[in-house]
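Residue-level listing of the chains:
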Amino acid sequence: MSEARPSLLLDVRGVKKRYGTHEVLTGASLEVPRASVVTVLGRSGTGKSVFLKCLAGIERPDEGVIAFDGTPLDADLPSARAEFRRRCSFLFQSNALFDSLTALENVVLPLEQTTALSSSVVRQRSLEALQQLELDSFADKYPSQLSGGMQKRLALARAIVTRPELVLFDEPTAGLDPLRRNAVFAMIVKYQRQFGFTAVIVTHDVAEVLVISDHVALLDSGTMRFAGSPAAFSTSTDPVVCDFRDSTAALHKAVDALRTGQNPSLTES
Amino acid sequence: MNASRLEFFVGLFVLLGLAAVTWLTAKVGAGSLISGPTYLVEARFSNAGGLNTGSSVLVAGVTVGRVESIRIDPVDYSAIATLRVVEGLKLPTDTMASIKTTGLIGDKYVSLAPGADETYLQPGTQITMTESSVDLESLIGKMAFGSVSNNSDNSANESGKSPAP
Amino acid sequence: MVRKLGSLTLSLIRGTGDFALFTLTAFRSAFSTRRLLHRVFRAMFEQGVRCLPVILIVGMFTGLVLGLQGYHVLNRFGSESLLGALVSLSLVRELGPVLAALMLVGQAGSALAAELGIQRNSEQIAALETMGVSTHGYLVTPRLLGALLIFPMQTALFVSVGLWGGWLSGSMMLGLEPGVYWSSVERAVEPDDVQECFTKAAVFGLLTVALCCYYGFNAHRCTSATGARAVSASTTRAVVLSCITVLAADYVITSFLL
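Chains as they are written, first to last, in our numbering: chain A, 1409 to 1677; chain B, 1420 to 1584; chain C, 8 to 265.
It is worth saying that the hints were derived from the structure and are not from the lab.
Now the in silico label distances, taken between C-beta atoms and shown as ranges:
1. A:A1490 x C:P60: 36 to 46 Å
2. A:D1548 x C:G234: 26 to 36 Å
3. A:P1586 x C:P60: 44 to 54 Å
4. A:T1656 x C:M8: 52 to 62 Å
5. A:A1657 x C:R42: 51 to 61 Å
6. A:E1491 x C:R57: 37 to 47 Å
7. C:L28 x A:A1490: 15 to 25 Å
8. B:R1424 x C:I251: 30 to 40 Å
9. C:T230 x A:K1598: 43 to 53 Å
10. A:S1545 x C:R57: 25 to 35 Å
Model, not experiment: these values are computed from the prediction. We put the CB at the ideal spot given by N, CA and C, even for glycine.
Put together the whole structure using the sequences plus the hints.
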């Protein structure tokens, strides 16, 4: 089917996903090298989250191949899927913390349920994870008692406690102020270096992404419009990329136009 | 709620639940159940209408057993009821078994009237002297036509029909 | 019209099959779920300890009313001595298992349907999936196993309290000799009746808890609403269907066992 590319941890080819008659993904592909930070950019509603959920196996793509570590993840092969689940973590946009469990119990759960470790080891590793994310003093608090940033950190602690090779981030900075946003990105990169996992981040924060990413992809109307290094993204002349990258400039233009009495549209150019 | 408190309450509940289950099965549900060792004897009736598996077997109004099963004899079409009787009760061989009714319209039961023989029924043997269900409707019919006394002939006839084992 | 009937029938068959598969998966997951016992304990707490007050109260009043009504009816025929039989047979054969199951649906079933619905809604179930945790094994199996244990126990408690309720109204308030009442109870209830009672309770427990889990777990597939509305719609449907199922299953089991 495809030649083996062992340097790629995740190899996504031509993923299609349809809801009713609305085709959200029309053939999206992505190559994720080992131990890299890959960012998928895109406007809201272009199917970024759906794409990531297809990768995580929450949604089942209608067509296309997703290969993890050289093995295609197929519905017919539950063992490959289970292996993938074991080595991959997903960070939900909504955090999806278990709200009736304490912070510590949240982190304990994946270890306790998916590994055969003794409960003392589980507890120790969970406390370590909380400590690394500076949450150890909140171990007995419930998620609702934590601030938004702390919840995000807790979700990350829960994601990395199983020592995954691949972590998928679904808009990790949605709804955060710029300082928090930077803190979250810094945290992701820090732990990516520390634990050596591969990160796939879906977001629309262009400026920050260009700093932290090894590879950037732009999802537009269901396909990858652009894929390459951050430097190439900065210099690309593709009109969609330009719009996305230079959105502030477009805003300037639009506001200037309003001031001069014209009636342009922001979305079209 | 911490784990040990939860476990304590669950344990308490289970104890309570098991107590209720035991009470229901052992006391309420087995009130008239015969306990201890038992043996089986058979009784042949020309009509076992109204008698069921589980109907009581009484001697002098005291429950001493249960009807274990009722089957049909394919040769002479009489009903054979197997009775389970408590071990300690020895029944003389000339014991008479009759199907009777509690009250006018109550349940049917087997009443055993022990005779005077020196020998006793062995497990698995058959009671030869029996008296079948009294068919209330035909009894009323007979009463209406004034011939109730026929009834006694009926039983004599029947015990003659039943061969000794 | 005809097409609508056809599609309705098909969706009913599909739904039933899906539900059966759901329950089966849950039982199969029992073997692959870690720390299951702890989860079963949790479920037993929710269905057992939490529901105990309502079971005891309803059981007591059911017995009281049966004793009162039965006494006055039997009094007309001069056969008050059968009061124990009336109360005990009504409770053991029908009212105990059915009312206990309905109470448990109302208290524990609705709670777990709503809990699962909210967990589905806030992507907690999806999160479990991405972790590779068996969602059925973690969320559904313990509750089903708990129900199989708890429902018969709750029913036994309900019947016991009901019998004492009948004694209270029949003997204490209306003056029937307690010995007459209790001997009538013991004479009337056969081992088969008690067995039927517990069989019913276990079947009701399995069916209702599986239904509540099914609707809560699949709250996202609710077609009539989304979000919080979907959770409430699913919970309502779970409770209503569970109640109907209890009564329908009661009829089926009774007709098989009588």
